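What follows is the residue order along each chain.
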Amino acid sequence: MPLTRSTLREGIPEGGPQEYLWTMNFGPQHPATHTTLRLVLTLDGERVVDAEPDIGYLHSGFEKIGEHLDFNQYVTVTDRMNYISPMANNVAWHLAVEKLLGIEVPPRCQYLRVIIAELARISDHLLCNGAAGLDTGAFTFFIYAFNPREQIYSIFEALCGARFTNSYTRVGGLMNDASPKAIEMIREFLRGMPKVLDDMERLLTRNRIFVDRTKGIGVLTKEEAINRSVTGPIARASGVTRDLRKDEPYLAYRDFDFKVCCAKAGDCYARFLVRMAEMRESLKIIEQAVENLPSGPVNVGIGDRVALPDKRQVFTTIEGLISHFELTMSNRGFETPCEEVYAATESPNGELGFYIVGDGTNTAYRARCRPPSFIHFALFPHLIRGHTLSDVVAVLSSLNIIAAELDR
Amino acid sequence: MSATDPATIAALKDAFPELVVSEFRGQTRVVIPRTHLFSLLQKLKNEFGFDMLVDVTCVDYLQYRGAKDRFGLVYLLASTRTNQRMTVRCFVNEPDPSVPSAVPLWEGANWLEREVWDLFGIRFEGHPDLRRIVLPEEFTAHPLRKDYPLQGLGERHNFPVITRAEQ
Chain W
1 MPLTRSTLRE GIPEGGPQEY LWTMNFGPQH PATHTTLRLV LTLDGERVVD AEPDIGYLHS
61 GFEKIGEHLD FNQYVTVTDR MNYISPMANN VAWHLAVEKL LGIEVPPRCQ YLRVIIAELA
121 RISDHLLCNG AAGLDTGAFT FFIYAFNPRE QIYSIFEALC GARFTNSYTR VGGLMNDASP
181 KAIEMIREFL RGMPKVLDDM ERLLTRNRIF VDRTKGIGVL TKEEAINRSV TGPIARASGV
241 TRDLRKDEPY LAYRDFDFKV CCAKAGDCYA RFLVRMAEMR ESLKIIEQAV ENLPSGPVNV
301 GIGDRVALPD KRQVFTTIEG LISHFELTMS NRGFETPCEE VYAATESPNG ELGFYIVGDG
361 TNTAYRARCR PPSFIHFALF PHLIRGHTLS DVVAVLSSLN IIAAELDR
Chain B
1001 MSATDPATIA ALKDAFPELV VSEFRGQTRV VIPRTHLFSL LQKLKNEFGF DMLVDVTCVD
1061 YLQYRGAKDR FGLVYLLAST RTNQRMTVRC FVNEPDPSVP SAVPLWEGAN WLEREVWDLF
1121 GIRFEGHPDL RRIVLPEEFT AHPLRKDYPL QGLGERHNFP VITRAEQ
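Residue numbers (our numbering), protein chains in the order written: chain W, 1 to 408; chain B, 1001 to 1167.
Simulated from the structure, these hints should not be mistaken for laboratory data.
Being a predicted model, the structure only gives us computed values, none of them experimental.
Heads up, the beta-carbon is just placed ideally off N, CA and C, and yes, glycines get one too.
Certain hints may be false.
[Stated by the list, open to error] Mimicking DSS-like on lysine-lysine, the simulated pairs with C-alpha atoms at most 30 Å apart in a straight line are:
hint : chain 1 : residue 1 : chain 2 : residue 2
1    : W       : Lys-284   : W       : Lys-264
2    : B       : Lys-1043  : B       : Lys-1068
3    : W       : Lys-246   : W       : Lys-222
4    : B       : Lys-1013  : B       : Lys-1043
5    : W       : Lys-222   : W       : Lys-259
6    : B       : Lys-1068  : W       : Lys-264
7    : W       : Lys-222   : B       : Lys-1045
8    : B       : Lys-1146  : B       : Lys-1068
9    : W       : Lys-246   : W       : Lys-264
10   : W       : Lys-64    : B       : Lys-1068
11   : B       : Lys-1043  : W       : Lys-222
12   : W       : Lys-195   : W       : Lys-215
13   : B       : Lys-1045  : W       : Lys-246
14   : W       : Lys-311   : W       : Lys-284
15   : W       : Lys-246   : W       : Lys-215
16   : B       : Lys-1146  : W       : Lys-64
17   : B       : Lys-1068  : W       : Lys-246
18   : B       : Lys-1013  : B       : Lys-1068
19   : W       : Lys-181   : W       : Lys-215
20   : B       : Lys-1045  : B       : Lys-1013
21   : W       : Lys-64    : W       : Lys-195
[Claimed, not checked] Sample of chain W residues lacking proximity to chain B, with all beta carbon distances greater than 10 Å (derived):
hint : residue
22   : Asp-44
23   : Val-49
24   : Arg-80
25   : Gln-151
26   : Glu-188
27   : Phe-189
28   : Glu-248
29   : Asp-255
30   : Phe-256
31   : Asp-257
32   : Val-260
33   : Glu-287
Using the sequences and the accompanying hints, generate a full structural model.
Here it is, written out as structure tokens:
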């Protein structure tokens, strides 16, 4: 399907002196785009003069669906946004809902949510960095990165029964408490992971080919990063010292000791290094959270009337029975204020926020997702101009574009 | 979420007397008429240090109880230096839902405003590249409006099938 010429390219007339430029279609089905996105590149020999992203191949109307599913049902849709780290989306969604309702989850739930969000971050960074290696020709590195992801999936399976689309969180708590077996699996993961990271760094961080392919490619300055709304590891690789876990501590992040990893160069290599360093910091957070995991309930009490009470309460107390009945009847549920909130979390990709409009019912009137991938992909033409065709994949993998989140 | 500094709000109220300020769960929101939207955003960026535009989105209040206006635009601003946040609201109505574009101030507004145009049909005056972004260019409706149904319209079976012979 032809793409309408962007008005931005009106400077290059058809049949003008620059008519020798080649137009090349990249995607939407291409192994190096990883997901379904399309680029129309204008080439001068091997140099990229301009790039025109064309997105929407995976648009599924998630925000429209969000207006028709209730707060607990919609969490299954957030899984499918950034499917590399679904747990981080679950946490972000229910954080926004709980902010709208004005409830605070118990400490044990906060710690467990921190653990799963950080595991999701490690899983996301492993895939992103692994793919950065894969796209620049280091296949072994990809396998090294993919192996521990399998372990993380097994931990998620022990926590909630699903490996890929987890939907572990609920309004006011979690689906169920973490079993001792899951905690033991997390401990084992923490023991093995530093060695994997050491191996990965030995394989690629000083690899001549990889450094040549990524250093000085796709440079983003600090001012541009702020002006173009860039967040997360990409902004931090450009020297923006912004991490919502430190700047606006949500959940229990205030209790943990960790560093914000930054770099100054702003190129693909700096983004790779920031992600590698962030994984080590995440391990530190998980270790502190697991060792100091508070005891107590994971769901808010019956008084808040949002989380299902446990079965013993339902069968033995009248309050539990009423609460269970109210929450499961389709015409009851809980009530929300007629207000609007925005809650943001530091997801692996950047600032992931939900803007929710409540209208009194237990369904959002509007469920806007602030997707980091969407904002980062808008950068792409700016980053690639002047580089060669082979750098397209290096820049794409360093931006970590997830098309399901890009199009929603 | 860090709220906005009260001194900032006071200074803003001096500059824009028509500003309506409210707060909910530690979030400061200001409502500004369309005519003053761009100058407010410009002032916030240049004088008050709100250097990052976090998000631009829109809410269609067609079926909202007690709503007076049809569309409510949302600009989420943040400051990377002072770590403040602020929400700027602007209400627009049919038949001409349009606001000045924020692209001259923040490059990041480009795709965000294209998405609002695509899904809500709000025109951003002065946007350099206002095309549809997630929907195909032949699409005629704006599906996140509340008068657009969840199912039925714009689905695949409504489009003509192109065979190889016709290509």
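Hints and how they fare:
no.	hint	verdict
1	W:Lys-284 to W:Lys-264	23 Å, holds
2	B:Lys-1043 to B:Lys-1068	27 Å, holds
3	W:Lys-246 to W:Lys-222	19 Å, holds
4	B:Lys-1013 to B:Lys-1043	12 Å, holds
5	W:Lys-222 to W:Lys-259	20 Å, holds
6	B:Lys-1068 to W:Lys-264	48 Å, violated
7	W:Lys-222 to B:Lys-1045	16 Å, holds
8	B:Lys-1146 to B:Lys-1068	15 Å, holds
9	W:Lys-246 to W:Lys-264	19 Å, holds
10	W:Lys-64 to B:Lys-1068	22 Å, holds
11	B:Lys-1043 to W:Lys-222	22 Å, holds
12	W:Lys-195 to W:Lys-215	25 Å, holds
13	B:Lys-1045 to W:Lys-246	23 Å, holds
14	W:Lys-311 to W:Lys-284	36 Å, violated
15	W:Lys-246 to W:Lys-215	29 Å, holds
16	B:Lys-1146 to W:Lys-64	9 Å, holds
17	B:Lys-1068 to W:Lys-246	39 Å, violated
18	B:Lys-1013 to B:Lys-1068	23 Å, holds
19	W:Lys-181 to W:Lys-215	43 Å, violated
20	B:Lys-1045 to B:Lys-1013	16 Å, holds
21	W:Lys-64 to W:Lys-195	44 Å, violated
22	Asp-44	22 Å, holds
23	Val-49	17 Å, holds
24	Arg-80	15 Å, holds
25	Gln-151	34 Å, holds
26	Glu-188	36 Å, holds
27	Phe-189	32 Å, holds
28	Glu-248	6 Å, violated
29	Asp-255	18 Å, holds
30	Phe-256	19 Å, holds
31	Asp-257	20 Å, holds
32	Val-260	13 Å, holds
33	Glu-287	28 Å, holds
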